[in-house]
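Colleague: Listed below, chain by chain, are the residues.
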Amino acid sequence: MTTNKETLIQVTDLQKSFKNLDVLKGITTDINKGDVVVVIGPSGSGKSTFLRTLNLLEVPTSGTIMFEGVNITDKHVDINIHRQKMGMVFQQFNLFPHMTILKNMTIAPIKLLKKSKEEAEAKAMELLKRVGLEDRAEAYPSQLSGGQKQRIAIVRALCMEPDVMLFDEPTSALDPEMVGEVLQVMRDLAKDGMTMVIVTHEMGFAREVANRVMFIDEGVIMEEASPEDFFNNPKSDRLKDFLSKVL
Amino acid sequence: MNSFKEKFIQNFIEEDRWMYLVNGLKTTLIITVLAVLIGIALGFVIAVIRTTHDKTGKLKFLNLIAKVYLAVVRGTPVVVQLLIIWFVVFAYPTASLLVAAVITFGLNSAAYVAEIFRSGIMSIDNGQFEAGRSLGFNYIQTMIYIVFPQAFKNVLPALSNEVVVLLKETSVAGYIGVQDLTRGGDIIRSRTYEAFLPLLAVAIIYFTIVTVLTWLISKLERRLRNSDH
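Chains as they are written, first to last, in the numbering used here: chain S, 1 to 247; chain Z, 1 to 229.
Looking at chain S on its own, in the form it has when it is part of the complex (with noise of 0.2 Å):
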């Protein structure tokens, strides 16, 4: 898809335990500019778990995370700093219900970006109109339906002009005839070369948009192909099995 190989996020050996449970069991792998990485596999597979340390949400118990040349998993690092370049979407969408929508989106890059209310809200407006919301600037989150509630997260996310915008399950809570509105979105980002890692039961989705389809289980990748190869030519027996039952 893209000949563009620099390297935006280096993942060396990622492990994660919660108490005596291993969730993650290293993993490794690179994710480049430009990358739409679906990531799939069973639940309690470690999948949400790994999409979660990229940002350090969850903090790995070992092994590096490398953003942007910096390896974040260092404790002297300061994480804020990055994660304004790692925008993040939410099953539960997560917006602030005491905030209308344009505080929602202007609160950070005003409070962080430093700027000014005017920029801040011109560019959430530009934002809003791209996800033909910006009639809902003065609502509140709570009188939104679910699909708008993830559009607007999904551009909030934006607002502070990431560099990579993380996707854990964004459809899994909505009523199916909203999904579509939520992956239109994604869609059209992963258009505008914006590199993105999305944890999802979309299938379709991850067939069409992806550049490589990711299957963790275990707590390891167990295979990982380009979308063609992955559904059509699937290695493992353990992959072979999830894709039996999920298409």
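There may be inaccurate statements among the hints.
Unchecked claim - Think about it this way: if two alpha-carbon atoms lie no more than 30 Å apart in a straight line, the pair counts; the simulated DSSO-like pairs of lysine-lysine are:
1) Z:60 - S:19
2) S:111 - Z:55
3) S:19 - Z:58
4) S:75 - Z:219
5) S:115 - Z:168
6) S:114 - Z:55
7) Z:26 - Z:168
8) S:19 - Z:67
9) Z:67 - S:103
10) Z:7 - Z:168
11) S:114 - Z:153
12) Z:153 - S:117
13) S:25 - S:240
14) Z:55 - S:85
15) Z:58 - S:111
16) Z:55 - S:25
17) S:111 - S:123
18) S:117 - S:103
19) S:19 - Z:168
20) Z:58 - S:75
21) S:25 - Z:58
22) Z:219 - S:103
23) S:129 - S:191
24) Z:58 - S:85
25) S:5 - S:75
26) Z:153 - S:111
27) S:75 - Z:55
28) S:103 - Z:60
The set of hints was computed from the structure by calculation and includes no laboratory data.
Position chain Z relative to chain S; hints supplied.
Modeller: Coordinates of chain Z only, in the frame set by chain S:
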């Protein structure tokens, strides 16, 4: 009827005895307001220490102190605390009774307010916290911009209720000789040998204040619910 009128005059009008109630009420309100301020300030600090410890594992030592403080204050009667503050901590005759009462009720209320704030902070979904952190806010910024405003709104009814409770609790201040509203009524009783009217008056005054406060609170709650987005 005549005897009621006589008793009323005797208890409240003669020698300006009603002033005992007015001055007592003033003292009660001063103690309550100042104690509420201390309680909210200190209670907030304690709640932040406790929740920061629960969320991050930091502040172990401060958390331990806070826990002991809460256990002691909540595990002993406020009258005993009042007596200890006055006779043990303030053990010199020039100290102000009013200050002792304000400090006692402030420190006492702080323990209850701390638990109210703590439950409010813990009631905010962790996803809110994670969303804040994922945008790049640090722990403190996430708390200030995202968690506290929501938590405060949630605890406002419980907090207001604590004010009502505190107002009534200050009626034991007379134990160390503070001339609050309750003591004011009691002084009249000791002068006129008439218990019913002065104590009824005291009860009516408390009841009126509590009723007005409760009404204000329910109004506030309704307004918050309407703006509940």
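Colleague: For every hint, state whether the structure bears it out.
Modeller: Each hint tested on the structure:
Distance hint between residue 60 of chain Z and residue 19 of chain S is fulfilled; the C-alpha atoms sit about 20 Å from each other, no more than 30 Å. Pair hint residue 111 of chain S plus residue 55 of chain Z holds up; C-alpha atoms about 23 Å apart against a cutoff of 30 Å. The straight-line distance between the Cα atoms of residue 19 of chain S and residue 58 of chain Z is roughly 19 Å, inside the 30 Å bound, and the hint therefore holds. With a C-alpha separation of about 49 Å, the suggested pairing of residue 75 of chain S with residue 219 of chain Z is violated against the 30 Å cut-off.
Of the pairs offered as hints, the one joining residue 115 of chain S and residue 168 of chain Z is violated, with about 50 Å between alpha carbons and a cut-off of 30 Å exceeded. Taking the CA atoms of residue 114 of chain S and residue 55 of chain Z, the gap is near 28 Å; set against the 30 Å cutoff, the hint holds. For a cut-off of 30 Å, the pair hint linking residue 26 of chain Z to residue 168 of chain Z stands: about 14 Å separates their Cα positions. In summary, the hint linking residue 19 of chain S to residue 67 of chain Z is supported, as the alpha carbons are separated by about 26 Å, within the 30 Å threshold.
A threshold of 30 Å between alpha carbons decides the hint, and for residue 67 of chain Z with residue 103 of chain S the separation of about 37 Å lies outside it, so the pair is violated. Pair hint residue 7 of chain Z plus residue 168 of chain Z holds up; C-alpha atoms about 27 Å apart against a cutoff of 30 Å. Proposed proximity of residue 114 of chain S and residue 153 of chain Z is supported: the alpha carbons are some 28 Å apart, at most 30 Å. For a cut-off of 30 Å, the pair hint linking residue 153 of chain Z to residue 117 of chain S stands: about 25 Å separates their Cα positions.
Between residue 25 of chain S and residue 240 of chain S the CA atoms are separated by roughly 22 Å; this keeps the pair inside 30 Å, and the hint holds. As the CA atoms of residue 55 of chain Z and residue 85 of chain S are separated by approximately 24 Å, the hinted pair is consistent with the 30 Å bound. The hinted pair formed by residue 58 of chain Z and residue 111 of chain S meets the criterion: a straight-line CA distance of about 25 Å does not exceed 30 Å. With a C-alpha separation of about 26 Å, the suggested pair residue 55 of chain Z and residue 25 of chain S falls inside the 30 Å cut-off, and the hint holds.
Restraint check for residue 111 of chain S and residue 123 of chain S: satisfied, since their Cα atoms lie roughly 15 Å apart, inside the 30 Å limit. With a CA separation close to 10 Å, the supplied pair residue 117 of chain S and residue 103 of chain S stays within the 30 Å bound. Between residue 19 of chain S and residue 168 of chain Z, the direct Cα distance comes to roughly 48 Å. Violation of the 30 Å bound is thereby established for this hinted pair. Restraint check for residue 58 of chain Z and residue 75 of chain S: the C-alpha separation of about 15 Å stays at or below 30 Å, so the hint holds.
Restraint check for residue 25 of chain S and residue 58 of chain Z: satisfied, since their Cα atoms lie roughly 28 Å apart, inside the 30 Å limit. Taken as a hint, the residue 219 of chain Z and residue 103 of chain S pair is honoured in the structure, with Cα atoms around 27 Å apart against an allowance of 30 Å. At roughly 17 Å between alpha-carbon atoms, residue 129 of chain S and residue 191 of chain S fall within 30 Å of each other, so this suggested pair holds. Distance check on the hinted pair: residue 58 of chain Z and residue 85 of chain S sit about 27 Å apart at the alpha-carbon level, within 30 Å; holds.
Using a Cα cut-off of 30 Å, the hinted pair residue 5 of chain S and residue 75 of chain S holds, with the two alpha carbons roughly 28 Å apart. Restraint check for residue 153 of chain Z and residue 111 of chain S: satisfied, since their Cα atoms lie roughly 22 Å apart, inside the 30 Å limit. At roughly 18 Å between alpha-carbon atoms, residue 75 of chain S and residue 55 of chain Z fall within 30 Å of each other, so this suggested pair holds. Taken as a hint, the residue 103 of chain S and residue 60 of chain Z pair is broken in the structure, with Cα atoms around 35 Å apart against an allowance of 30 Å.
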